[in-house]
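Please take these sequences and the hints and turn them into a complete structure.
Residue numbers (this note's numbering): 5 to 226.
Each hint can be trusted.
Below, a list of computed lysine-lysine pairs in the DSS-like style, where the Cα atoms sit at most 27 Å apart: (1) Lys24 - Lys97; (2) Lys117 - Lys131; (3) Lys152 - Lys103.
By construction, these hints were calculated from the structure, which means they are not laboratory data.
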Amino acid sequence: MNKIVNFNSEKEFIAYRKSKTCSELGTGSEGTCYLGRDGLAYKDLSEGFRSEVYIPEDIVTRSECSVKSFAFPHVLFTVNGELMGYTSDLVKKDITNDKYLFEHGIDHIDFEKLYAAYEVLYDDAVKLAEEGIGIYDLSFNLMFDGEKLTGVDTCGYFHAPTMECLHNTDCVDLAVKNLFTIYAKYGYGEDLDTDMDVKSFLEMVKANYSSSDGKGRPYIKQ
Numbered sequence: 005m006n007k008i009v010n011f012n013s014e015k016e017f018i019a020y021r022k023s024k025t026c027s028e029l030g031t032g033s034e035g036t037c038y039l040g041r042d043g044l045a046y047k048d049l050s051e052g053f054r055s056e057v058y059i060p061e062d063i064v065t066r067s068e069c070s071v072k073s074f075a076f077p078h079v080l081f082t083v084n085g086e087l088m089g090y091t092s093d094l095v096k097k098d099i100t101n102d103k104y105l106f107e108h109g110i111d112h113i114d115f116e117k118l119y120a121a122y123e124v125l126y127d128d129a130v131k132l133a134e135e136g137i138g139i140y141d142l143s144f145n146l147m148f149d150g151e152k153l154t155g156v157d158t159c160g161y162f163h164a165p166t167m168e169c170l171h172n173t174d175c176v177d178l179a180v181k182n183l184f185t186i187y188a189k190y191g192y193g194e195d196l197d198t199d200m201d202v203k204s205f206l207e208m209v210k211a212n213y214s215s216s217d218g219k220g221r222p223y224i225k226q
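This is the structure in structure tokens:
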């Protein structure tokens, strides 16, 4: 049974979230994330456009799975049965988000560590399938802190028979490649071949986009 805390109004939920958080971490298409005073991430879906409608009772939570590569919600917050937010493990930094790459290039990335993190993520995706949990929308919801890859915004993940979750590993492969596709497209005007295997793909990215001057800044084509 999911741990759900229901509020009588959106205003009541926002007041509660403000009392539990100390700073904003970032915002995107699925709400705003805040740093909790307890060290957890607090997602607030009341802010901005919500593209998905979730059934709280169907959402996969941390208590239901054994893997640690995905930041599944701990506690769900609802208002009259509608998902309004949740807590999850905190990913303290992401050195492969698009803004960071355009500011710093890729020279700061240890590609051996990235590939090792990919292998862990891949194995965890297999374990999820074995536990009957399917991955949904991992691309552009994957964060790398320099050591570990973590899938975030997991509310769309679903329970299904293992055979229906075999796409999990394909989702992981594409998500890791998509860490660099926007950078290559808008920094260099190049479309990357995502049909390559992950190891060859990462080797290609490192060889083609690492800078010789050590600054790692992209050349923006005019």
